[in-house]
Every structure is written in structure tokens, then in C-alpha cells.
Amino acid sequence: MLDPGALERVGRLPLVARRAKIGSVSGRHRSPHRGSSVEFAEYRDYAPGDDLRRLDWRVYGRSDRHFVKEFEADTNLRLVLVVDGSGSMRYSGQHGAGPLSKYELACRLAAALAQLAIRQGDAAGLTIAAEGETVRIPARRRPSHLRVLAGEMARVAPGGPTGLVEALHDVAERTERRAMICVLSDLFMEPEGLRDAFQHLRYRGHETSAFQIVDRDESEFRFEKATRFVDPEGGAPVLADPSMVAARYLAAWRRHQGALESLALAADVDLREVFLDEDLSGSIASFLLARTGKGGRR
Amino acid sequence: MNLLQPLALWALPLVGLPIAVHLLHRRRHRVVEWGAMMFLLDGNRASRGRQRLRELLLLAVRTLVVLGLVLTLGRPIAGGWAARVAGERMDQVVLILDRSSSMGEEVGGRTETKLAFGLRRASEALEVALPREVVVIDATRPTEVLRPESVAVLLDLGFDEATAAGSDLLGAFEAAARLIEEGGAGRTEIWVLSDAQRDDWDPDDGRWESLAQQLTRAGGGAGVRVRLTTFPEVAADNLAVRVEGVRRESEGEAATLTLDLIVTRAEASGGSGDTALRVPVAIEVGGARTTVEVEINGREGRLAGHRIAVDPQYESGFGAVELPADRRAGDDRFWFSFGRTPTVETALFAQSSAVGEVVSIAAKSPSGPDVNHGVRELTPSSESGLDLTGATLLAWQAPLPTGEVAAEVERFCAAGGVVLFLPPDAPRDRSFAGLAWGQWTATEEGAAGGTVKTWRADADLLASGADGTPLPVGEIALRRVCSIRSVGEAPIARIPIAGLEGGQPLMVKSAVGRGAAYFLGTLPEARSSDLASQGIVFMALVHRALDQAAAALGSEEQQAAGANERWLEDRWSMVASDRADSLPERGRRAGVLTDGEVFVALNRPLAEDTSPVLPVEALAESLAPLDVVVTTTRVAAEGGSLLDEVWRIFLFLVLGGLIAELLLCTPEGHAAGRKEE
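Here the protein sequences line up with chains G and X, keeping their order.
Numbering-wise, the first sequence is residues 1 to 298 according to the working numbering.
Numbering-wise, the second sequence is residues 299 to 975 according to the working numbering.
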């Protein structure tokens, strides 16, 4: 699930919030609160670069090992990853031979973002909108939390109709502090519902990014022969001759993309298209660069 | 529509192939789990109807293409049930068969003759075309029309055997035109099987033009279509034998037969050309058979004066000469007969007894040892007409004949007889063959007007002798001359034979049929000229006229086979023939007939051996403005049909279907999509 190579390629780009976040400790992210109380969270191994002031000397004295004391209020960024676990995310290319399905790519992206956040001391949480359940993992900044997130993502099998809009409303309600919300989905749903959800998140003060994960088959409709298209979300199958339906399909696709872009603009959502055949590190780097104000492709 | 190759229908189940492929194809769709259904549903909803229609159209087109291919292989022809459904069924087919001797030639390495092959193909075609009525006209006897009960019996009527006679295609067409006129409106076709020999068709006859117009009228709106099947192939190196002369001579106790033979070689490409060839010719007389060799150099070889001893007690008899069998059986044998010395008869009708006497003397004087010359005086009456039976020359010194008598004289001329008209004492305003007598004028003896100034010395009755010695025509003294007038317009050929000073004609020839009418403007009696006292010119003139007529009329014993009612009389019976005697065909079969007194040998006409083949265009031209379809059939090839093959139409339909399929298969959606982008 975790892709060390991707993070390696991203280098040391920080995950930066574009707006002020509600946090207790001064750090990398701006916080509206100052001098909040400190709540012990856990010990962790000292890593080079850690502030020596945080080293727990008493533990060092007892065990001759370097531990750094971690406090809950140090989390000054909450990254909430919302992964779409609907049936449409199972698609992995025309011949089913692609290295990853859209869901797997979404998970890898989510894991990479979570790892980035946790590595720089931020907390990462996860919500998976899956068939019949919504998995919710609260945001933590413990490195071991990554395993929890990865385990949950691996456990859930995508399928059924999408519940992303409901999941987003739920995240908006449940996340009390302002957070950074990353939506990972193909966004194959009615734009109206999505608009409401994004507006809701914005209203609650969250900063939302959306990674639209699609395959080029879907964006270009690259089929030659008559094909029976089976709806993974339970709809009626469609037998279609691509030569007959391609034009209308592509027109509908462009309309949908246009609608998504306009609603993203209205709700201040950073909307990005990620293709299955793209290099993951490139997508992450572009995302991170855009946040540091150094540019980056949208 | 019917098929010439109905076996192709076995391939008809292949029509099910596109349907099977279509059904299989429906089951063999790739299945893809597809998330972006919301866009697909949008596109598919609109195109579902169109897609279904296109699928059905494709299925129909593919099925029709296979069906079209199967039918094309079956070589479909117009006619039959399809024509009946469309109301275009043929009402009548008039089948004209050229059963002349030359149609009995085997061609193309098979034992079938041109006639048998053509008839078989015509019969097959008729079974397919199914006309309401089939009428057969035998061009060797066009007066008789046969209506077979069904097409199936067509081959059992003996029409597949060629006769020895020549064909009269013009007569057959005229008979067909009469039939069509009597039959009323309806779709009629005339099918002709012929090898297009010039003499059988006689394309220069002026009646063709009026015939074509008559047929066009007779066909009404439907028109008459002529389907002409010709057989242009001529057997290479075909040999033909012919007896040109037979004379029986007796010397004391012994009798000999002298034969003049000619063997001719066909002119055909691929033959051995002009290489010399020795051919054995068998001669059979009275049961005895001898063989002689005839050498052919170039295109013919002659055997002149070949003598055979015959039993002296038989004064008449018959025999045959025969060549080894070749591709054309009809010209490998030639029958001949011989009898007592023949009599050449002159029919005489003269007002003046002096003239009659001179003519009689000239006509009776013998010209050779084997010819008897006879003179018969006539008394023509307007009621009973004129009896010219057996006559060779008619000498007529009286006002020109009219009415029935004139018609009889014309018939006599047409058959080859010659008439010598001498001026009557008082010429009347009558004409014959475009010529009429004018007035008598006296000439001054010794003056320029009293002698013949010009005459044809190269040919005809006043020609110079074989050694070039001219007849002393210029020495004739004329005392009075009756002028000769031309009446009416050409095309009657009027040839001046002799003329006086100033161009006044003295003797004029008018060709009538195979014979001629000569007008001589003076009389062989002392009051008019010294023709009688000089003698030589007048006698030469009369004898040449007799020879000319005898050659044209033919000898009584050797005749060309043909439809002649005479041979159907009871007194005649066939004593020798290539085939069994059959009354309807008697006279048209080669063989020997006898009435108990005379033997008559019937053989193919000379033209059957020598007549050239007409090009197809010439035949079509004769029949313009009719709709003529010419099928040139090679007997060797089974291909070609007498019917309208419509496979080309099917082939075009198949091609059209393939183009339609291509258009239906073009991914228009993609193209449109790209354009939008």
C-alpha cells in the first residue's frame, strides 16, 4: 500500500495547508489558537532533526535510549482522506490487465499523502465510502497509525453504488477542527450532490482537494468492437456498438467534466485528474508544489 | 427466371451463413465491467434504435449478397416464371432452321452436326423460356409450317438432320412474318439457326427491306426480336466431290460412261492450304465399284473424261461417286444418272412461216453427237396459257405476250430459260421485261445504216469463238430494222448486244431471273436481212442461246435437291439414297428418283459447296430495323445461350450489396466524434 519510491521521488516537499488550520502547537502550519494545553500522546524514537528540547531526558536516564515525547496538541494539520470504495473504482483498464485498479491507485495515493503528513508531524485520518459501510479512522499523528490506515484500505473491497456524497457530509459534520480533506474518487456521480457536499465542507472551514482518478478508456472511450458493458454498481448492462455511441458518450463526458470544474471553482476545491497510467509521484509532486505556492499542474 | 446451372441451388443453404454469423456475433460480445455507465446510458439511449436498424440492414444485405452470388453462379436467365409473373412471357417463338447441306458439318471435335447442336441448344432454351407456342419453319421448305405439340418432341421430329437442299432464309422469314401477322399482337421472337451461307440468305434481294418493315409492323408495340445463332466455323480441309458431266456413249456392242469429276477443298484457316493431295474417289455404277485417285492442287482437283465400261443393255441408269468420310458427310457423295441422248427442245411461236422455218432449221441442226435437238411449235391461247414444259429456248415472233401467257414466259425465264423475241409484222404497244418494239424502218442496203456497227464480242450470244475469231456480224446486210424501246425504270438490267450506226440498238438483252429475254430488231428472212442466207451468225446465236438456257435449266437427269412438288407425285420413287425414303423430305434428300422411264439424280446445289459465309454484321443489316441479337456459337464450346442471361444484373446487385455493407460498417460515430472534437 505504501509506496516508498513515490515518496522518495517527491523528496522533501512539505504538505502545506493553504489556509490557517486549527491546531494547538505552533509548527509548520499557521494556527488561529495560541498557548493551548499540552496533552501527552506517545513516545517515539528520536530521529535526527528532532528538537533536542523534546527529548525525554528522564527516559534516557532510565533506559539509555533516546525518546521524543509526543503531544496530541502538536498536530497542527489534520489530513482527512476520503476514499471512494464504490464498484466503479474496481476498473483497471480495458483488458483488465492494468497494474492497478482505480481503487488501488486511490489507496496508494492516500497512503502516500498520509505518510507525508505523519512524517512531518501532522495527523492523518481516513474515511472509506464502501458498500454497506462507511469506514472511519480518526486522525492520529503516530507513525504506527499508518499501518492502521493501510490495513483498513486493504481490508475494504470496492463494490456497490457510491456513497461518497453521504460520506463527505459525514466528514464535514464529524471533523470538528478545521482540516484538510482529500477526496479520492472517480467522481462518477451527479455533480449537484457533489456540489452540496463540497459546499458543506467549505462551510465547516475545511480545505478540500479532490483527486479524480480515471482511466483513459473512460475519458477517451477507446473501444472498437461491440461490447457488453456491465455496471459494477448494479445497474442494467448495456450492449453498445462503440462506433454508434462514442460521440454521445464523449459529449456527456465533457459536460460532466465541465460541471465538475465549475463546482470545484465555486467551492474552492483543488480538483485534479489522475490517470491510471500516470506516475504517482508526479501527481503528488504537482499537488504539493501547488500548495507551496511554487506552481504545479492542476 | 430460370437457371442454366440449377445445381448451383445446392449452395442455397449458404444464405443462412450470415444469419448464423449474426446470431453467433450477438453472443460473442466482449463483456467489460464499466464504471462510467452514466455517460454510456446517455449515448446509448439515443442510438439504440438506429443501431438495431443498422444491424438488421447489415443482416439483410449480407444475406442478399450471398443469395445473389449463388444465383449468379446458377446463370439466371430471363423468362420462365419470373417473366410470367411480370407478364412478359413470350407468346410465340418462330424457329427457323437452316437445314441446308452445309449445316450437316461436324465441328469442334464432336460427332454432332451444327444443326443437331443448334437444335439441341434451342430446345433447351425453349424449355426454359416456355413460350406459349413454338412454330418451326424449315428453310429448305419454307412453305410448310410445323407446330410441335411441345418443346420436348422437337428433337424427335428429324429436324436435326441436314437435307441436301439449299435454304431459302428469305422465304422462311416471309413465312414467319405472315404467321406473326395472322397471330396478332403478342411478344414474338424469331430464332434462327444458320451457318449464314450467302446463297441461302441472298442478302442483296430487295425484299429484305420490305420484310423487315413488315415484321416491325407485325410485331406492333411489342416488336419482333430476332435471335440469330450462326456457326462461323468451317471444317478445315473439308473435301467435296461433284460430277460435272456424264455421257453414255455406245460403240457397236460396247457402252461406256464418261464422267467429269471435280473435288474441291474448303478454304479454311488452319487447313493444309495449297499442299498437293491425292484423294481416292470411289465410283459406283450398277453395283460395280472402282476407285480412282484425283490429285488436288490448290483448292480443286479435276478428273475429266474418265471412262467406265457399262453394260450395253442398260440404256439408262445411275451411280454415285464417293470420297472418304470427312467432317461434312453431305458433300462426300454425289449421285448421277444417265440415259438416252438428251433432247434440247426449242419452243417456237412465229407469225411468219418463213421465219419459223429458219428458226426451226437453226435450232434443229446438231451441235454434237450426244445431243438431240427438237423443235415444238406452240399455239398459245389466253385461256390455257402456254405449255413450256421441257423447253429450253423459246423463239417468239409475234406481238409480245400479255396476261397469263406473259406470266408463264416470265416464269420460264426466271427458271433459267431463254426467250428470243423477233419483231412481229405489226408491232403493238406491249412490253416484256422492260423492253418493247418500236416501228419498222427501212434501211438503204449498202449504206452505213444497213450494217451492224457495234456488238459484244467478248461475251454473250455474239461473242467471238474460242480461238478469238469474231463472228461475221458486221457483214450482215440489214434491209429493215424494228426499233427497240426501253420501258419503265431500272432495276431491270438491259444490256445492248449489238447496235447500228448512231447508237440505235439492234439486239438488246434483258435479264429475267436466272434466264434472259433477247430482242433482235430484224428477222431472218429475205425482206428484212440476209441472216438466213448468211446463216452462220443466226445459227451461232440460236445455239448459244440453247446452250446458255440448258446450262441454267440444268439437265433433266441431274438436278439440285430442293422443295419441288413434282417429286411428291406418285409416279416418282426413290431408288437410291443416303437415307431411307420419306415422302415429305423427298426431293430435299440426295439420291436418285425414277418414274420408271427416267432416272433423276438429286444432289446438293453447287452453292452449298462454294457459297461464302456472310459476316454477322451483313445479316443484322439485312434485318435492320429489327431488334437482332446475334449469338455466334462455337460448337466446341458449351457456353453461350440463346436466352438472355441476366447474371450480370445479379453481379451488379452483389457489388451494390457489398458497397452498402461497407457503408453500414463504417464507424460513422467515431468519425462524427472526431469532427466534433
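Take these hints with a grain of salt, some might be off.
Below, in silico cross-link-like pairs of lysine to any residue (SDA-like), each with a Cα-Cα straight-line distance of 20 Å or less [stated by the list, open to error]:
1) X:662 with X:833
2) G:225 with X:342
3) G:225 with X:349
4) G:225 with X:964
5) G:225 with X:794
6) G:69 with G:145
7) X:807 with X:824
8) G:225 with X:357
9) G:225 with X:431
10) G:225 with X:762
11) G:225 with X:797
12) X:751 with X:812
13) G:225 with X:324
14) X:662 with X:647
15) X:751 with X:762
16) G:225 with X:647
17) G:225 with X:356
18) G:225 with X:792
19) X:807 with X:860
20) G:225 with X:807
21) X:751 with X:792
22) G:225 with X:833
23) G:225 with X:834
24) X:751 with X:834
25) X:807 with X:797
26) G:69 with G:90
27) X:751 with X:676
Sample of chain X residues at the chain G side, in silico, Cβ under 7 Å [to be verified]:
28) 308
29) 327
30) 328
31) 329
32) 330
33) 347
34) 349
35) 506
36) 591
37) 593
38) 594
Please keep in mind that the hints were generated in silico from the structure rather than gathered at the bench.
Remember, predicted model here, so these are calculated numbers, not experimental data.
No residue lacks a Cβ here, since even glycine has one placed at the ideal position from N, Cα and C.
Cross-check of the supplied hints:
no., hint, in the structure
1, X:662 with X:833, "13 Å, holds"
2, G:225 with X:342, "15 Å, holds"
3, G:225 with X:349, "13 Å, holds"
4, G:225 with X:964, "12 Å, holds"
5, G:225 with X:794, "95 Å, violated"
6, G:69 with G:145, "16 Å, holds"
7, X:807 with X:824, "24 Å, violated"
8, G:225 with X:357, "17 Å, holds"
9, G:225 with X:431, "59 Å, violated"
10, G:225 with X:762, "100 Å, violated"
11, G:225 with X:797, "102 Å, violated"
12, X:751 with X:812, "29 Å, violated"
13, G:225 with X:324, "12 Å, holds"
14, X:662 with X:647, "15 Å, holds"
15, X:751 with X:762, "15 Å, holds"
16, G:225 with X:647, "106 Å, violated"
17, G:225 with X:356, "15 Å, holds"
18, G:225 with X:792, "90 Å, violated"
19, X:807 with X:860, "29 Å, violated"
20, G:225 with X:807, "94 Å, violated"
21, X:751 with X:792, "19 Å, holds"
22, G:225 with X:833, "112 Å, violated"
23, G:225 with X:834, "110 Å, violated"
24, X:751 with X:834, "18 Å, holds"
25, X:807 with X:797, "12 Å, holds"
26, G:69 with G:90, "42 Å, violated"
27, X:751 with X:676, "34 Å, violated"
28, 308, "33 Å, violated"
29, 327, "4 Å, holds"
30, 328, "5 Å, holds"
31, 329, "5 Å, holds"
32, 330, "5 Å, holds"
33, 347, "10 Å, violated"
34, 349, "5 Å, holds"
35, 506, "65 Å, violated"
36, 591, "85 Å, violated"
37, 593, "84 Å, violated"
38, 594, "78 Å, violated"
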